[in-house]
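Between the sequences and the hints, there should be enough to build the whole structure, so can you do that?
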Amino acid sequence: GDSVTQTEGQVALSEEDFLTIHCNYSASGYPTLFWYVQYPGEGPQLLFRASRDKEKGSSRGFEATYDKGTTSFHLRKASVQESDSAVYYCALSDYTEGADRLTFGKGTQLIIQP
Amino acid sequence: GALVYQYPRRTICKSGTSMRMECQAVGFQATSVAWYRQSPQKTFELIALSTVNSAIKYEQNFTQEKFPISHPNLSFSSMTVLNAYLEDRGLYLCGARARVEQYFGPGTRLTVL
Chain A
19 GDSVTQTEGQ VALSEEDFLT IHCNYSASGY PTLFWYVQYP GEGPQLLFRA SRDKEKGSSR
79 GFEATYDKGT TSFHLRKASV QESDSAVYYC ALSDYTEGAD RLTFGKGTQL IIQP
Chain B
27 GALVYQYPRR TICKSGTSMR MECQAVGFQA TSVAWYRQSP QKTFELIALS TVNSAIKYEQ
87 NFTQEKFPIS HPNLSFSSMT VLNAYLEDRG LYLCGARARV EQYFGPGTRL TVL
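Residue numbers (my numbering), protein chains in the order written: chain A, 19 to 132; chain B, 27 to 139.
The hints are simulated quantities; they were obtained by calculation from the structure and are not laboratory data.
Any given hint might turn out to be false.
With the Cβ distance kept under 10 Å, some of the chain B side facing chain A (calculated, not the full set) [what the hints assert, rightly or not]:
| hint | residue |
| --- | --- |
| 1 | V59 |
| 2 | A60 |
| 3 | K68 |
| 4 | L72 |
| 5 | L75 |
| 6 | S76 |
| 7 | T77 |
| 8 | V78 |
| 9 | G121 |
| 10 | R123 |
| 11 | F130 |
With a Cα cut of at most 30 Å, we get these calculated DSSO-like pairs of lysine-lysine [as the list claims (entries may be wrong)]:
| hint | chain 1 | residue 1 | chain 2 | residue 2 |
| --- | --- | --- | --- | --- |
| 12 | A | K95 | B | K68 |
| 13 | A | K74 | A | K86 |
| 14 | A | K95 | A | K124 |
| 15 | A | K124 | B | K83 |
Listing some non-contacts, in silico: residues in chain A with all C-beta distances to chain B over 10 Å [said to hold, decoys possible]:
| hint | residue |
| --- | --- |
| 16 | S46 |
| 17 | Y54 |
| 18 | G61 |
| 19 | S90 |
For each residue, glycine too, the CB sits at the ideal point set by N, CA and C.
Okay, structure coming up:
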């Protein structure tokens with residue numbers, strides 16, 4: 019079945035640091051890839067998505083590029099702020115397993131110290 | 027904008043009892059609704075996918091007998107947790123789909139005593 023791997027369980031940075039959260043996926047078809055952010059007490063919010071190889075998704079200064087060759091969709095931000103502290107989830111939707119189904123990674127807790 | 031409401035936000039029930047939770051899509055028509063459970067360890071488990079006028083598809087380890095779902099129209103869905111036990115605790119999330127995106131509600135947090 020499909021799977022999403024986020025290697026970092028937790029990332030601690032200072033404000034204005036550069037952020038990378040790694041995401042690799044495995045899917046039988048050609049999936050759509052997503053990044054979600056979850057704040058305490060809330061459900062996951064969609065940051066952005068990408069559907070094709072080399073497509074870049076971006077929102078609020080975060081970006082990720084769909085790389086079919088390396089099966090990756092790494093999240094990056096040039097300069098993080100304290101308000102970015104949250105849990106970030108990489109996810110995929112694969113039409114061969116039903117387009118409505120999302121497979122999530124285990125999430126990365128981002129902690130930004132002022 | 028597209029919003030998803032869930033009710034109640036929190037609920038506590040005694041072991042062996044049942045509780046019902048609701049999901050409402052506002053501002054869009056949801057072509058499907060997915061129910062997930064987020065464990066205390068923060069991982070997501072898909073419980074079932076529901077499309078109006080189609081059979082509800084339950085994932086392995088989840089059954090209609092335990093988690094019956096009603097999805098009468100494009101904006102409303104409800105799910106009941108029957109005979110809840112400690113392992114059923116967690117945050118139950120409703121994801122309503124509009125075109126490609128799936129929008130999530132804030133969840134119903136279930137505590138089982």
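Now for the hints, and whether the structure bears them out:
no., hint, result
1, V59, "8 Å, holds"
2, A60, "6 Å, holds"
3, K68, "5 Å, holds"
4, L72, "6 Å, holds"
5, L75, "5 Å, holds"
6, S76, "9 Å, holds"
7, T77, "7 Å, holds"
8, V78, "12 Å, violated"
9, G121, "7 Å, holds"
10, R123, "5 Å, holds"
11, F130, "4 Å, holds"
12, K95/A <-> K68/B, "23 Å, holds"
13, K74/A <-> K86/A, "12 Å, holds"
14, K95/A <-> K124/A, "20 Å, holds"
15, K124/A <-> K83/B, "23 Å, holds"
16, S46, "17 Å, holds"
17, Y54, "8 Å, violated"
18, G61, "4 Å, violated"
19, S90, "20 Å, holds"
Checked against the numbered hints above, the structure breaks hints 8, 17 and 18 and satisfies the rest.
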